[in-house]
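Quick note, the sequences are listed as chains A and B, same order. Our numbering applies: residue 11 is where the first sequence begins, and numbers increase by one. Our numbering applies: residue 134 is where the second sequence begins, and numbers increase by one.
Mixed in with the good hints there might be a few duds.
Here are some, though not all, of the chain B residues that point toward chain A, as calculated from beta-carbon distances under 8 Å [as the list claims (entries may be wrong)]:
| # | residue |
| --- | --- |
| 1 | Q177 |
| 2 | M178 |
| 3 | L180 |
| 4 | F224 |
| 5 | S234 |
| 6 | E235 |
| 7 | K236 |
| 8 | L237 |
| 9 | F239 |
| 10 | G240 |
| 11 | K241 |
PhoX-like mimics (lysine-lysine), calculated; alpha carbons at most 20 Å apart, straight line [what the hints assert, rightly or not]:
| # | chain 1 | residue 1 | chain 2 | residue 2 |
| --- | --- | --- | --- | --- |
| 12 | A | K88 | A | K25 |
| 13 | B | K203 | B | K188 |
| 14 | A | K54 | A | K93 |
| 15 | B | K241 | A | K54 |
| 16 | A | K54 | B | K244 |
| 17 | B | K206 | B | K241 |
Label-pair distances were calculated between CB atoms; the ranges are [as the list claims (entries may be wrong)]:
| # | chain 1 | residue 1 | chain 2 | residue 2 | range |
| --- | --- | --- | --- | --- | --- |
| 18 | A | E24 | B | Q190 | 45 to 55 Å |
| 19 | A | K72 | B | N195 | 37 to 47 Å |
| 20 | B | I179 | A | W107 | 19 to 29 Å |
| 21 | B | D159 | A | N113 | 18 to 28 Å |
| 22 | A | G63 | B | Q147 | 47 to 57 Å |
| 23 | B | Y187 | A | W107 | 16 to 26 Å |
| 24 | A | W107 | B | K188 | 19 to 29 Å |
Everything labelled a hint here was simulated from the structure, so no lab data went into it. Ideal Cβ placement from N, Cα and C applies to all residues, glycine included.
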Amino acid sequence: EAGVAQSPRYKIIEKRQSVAFWCNPISGHATLYWYQQILGQGPKLLIQFQNNGVVDDSQLPKDRFSAERLKGVDSTLKIQPAKLEDSAVYLCASSPWTGKIKNEQFFGPGTRLTVL
Amino acid sequence: AQTVTQSQPEMSVQEAETVTLSCTYDTSENNYYLFWYKQPPSRQMILVIRQEAYKQQNATENRFSVNFQKAAKSFSLKISDSQLGDTAMYFCAFMNVRGGSEKLVFGKGTKLTVNP
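With the rest of the complex left out, here is chain A (with noise of 0.2 Å):
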């Protein structure tokens, strides 16, 4: 079975520039989260998804972060303008849906964002 796939891995961009990450679920996944690790700290979640409906992004700055999820399966989080600040590991997960039981998140590898 194919894990969680992002693109690109690595990202070096100057302040106040756009920059966009893509995040292809596991099959038959409906759930889908981005997280944010900064360097030193535990991920953080920015936005979950259930298929395409937003269901938490309580915690996504709006003002210059926005995330999508076309048609229920890959996924586009975007960052405009940059600030130095979000220089991050930027994580997708994906979980199956099963009603009321919790699920194991299963991570991709992650975008490094390097904001200069």
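Guided by the hints, dock chain B onto chain A, whose structure is given.
Then chain B, alone, in the frame of chain A:
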């Protein structure tokens, strides 16, 4: 809001020995899930073990076991017969059961090094 604290930024252990990683959390909820995730160097995060708060029996997965003390809000991970492949960052994480969000709240992590 829930918080997760890992008080040991770094630990080391000799191969074949046993090591315990500490985790405490704060919540007003009665039912929740707790997780330990492993993040090897330059590799993706994987689930090590999961504990449901309503289950009094401590979870075990081969060489990995937890000591779950609900009243003390403590959730430590014991690794027996440590192997070189156990070298990684270990993150303790909390998930609330109520509501549709399946947000994982992570601690800052413990860097474990297994020495030959």
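We went through each hint and held it up to the structure:
no. : hint                           : verdict
1   : Q177                           : holds (5 Å)
2   : M178                           : holds (4 Å)
3   : L180                           : holds (5 Å)
4   : F224                           : holds (5 Å)
5   : S234                           : holds (4 Å)
6   : E235                           : holds (6 Å)
7   : K236                           : holds (4 Å)
8   : L237                           : holds (7 Å)
9   : F239                           : holds (3 Å)
10  : G240                           : holds (5 Å)
11  : K241                           : holds (5 Å)
12  : K88(A) to K25(A)               : holds (14 Å)
13  : K203(B) to K188(B)             : holds (10 Å)
14  : K54(A) to K93(A)               : holds (17 Å)
15  : K241(B) to K54(A)              : holds (10 Å)
16  : K54(A) to K244(B)              : holds (18 Å)
17  : K206(B) to K241(B)             : holds (17 Å)
18  : E24(A) to Q190(B): 45 to 55 Å  : holds (53 Å)
19  : K72(A) to N195(B): 37 to 47 Å  : holds (43 Å)
20  : I179(B) to W107(A): 19 to 29 Å : holds (20 Å)
21  : D159(B) to N113(A): 18 to 28 Å : holds (24 Å)
22  : G63(A) to Q147(B): 47 to 57 Å  : holds (50 Å)
23  : Y187(B) to W107(A): 16 to 26 Å : holds (21 Å)
24  : W107(A) to K188(B): 19 to 29 Å : holds (22 Å)
Going through the hint list in order, the structure satisfies each hint without exception.
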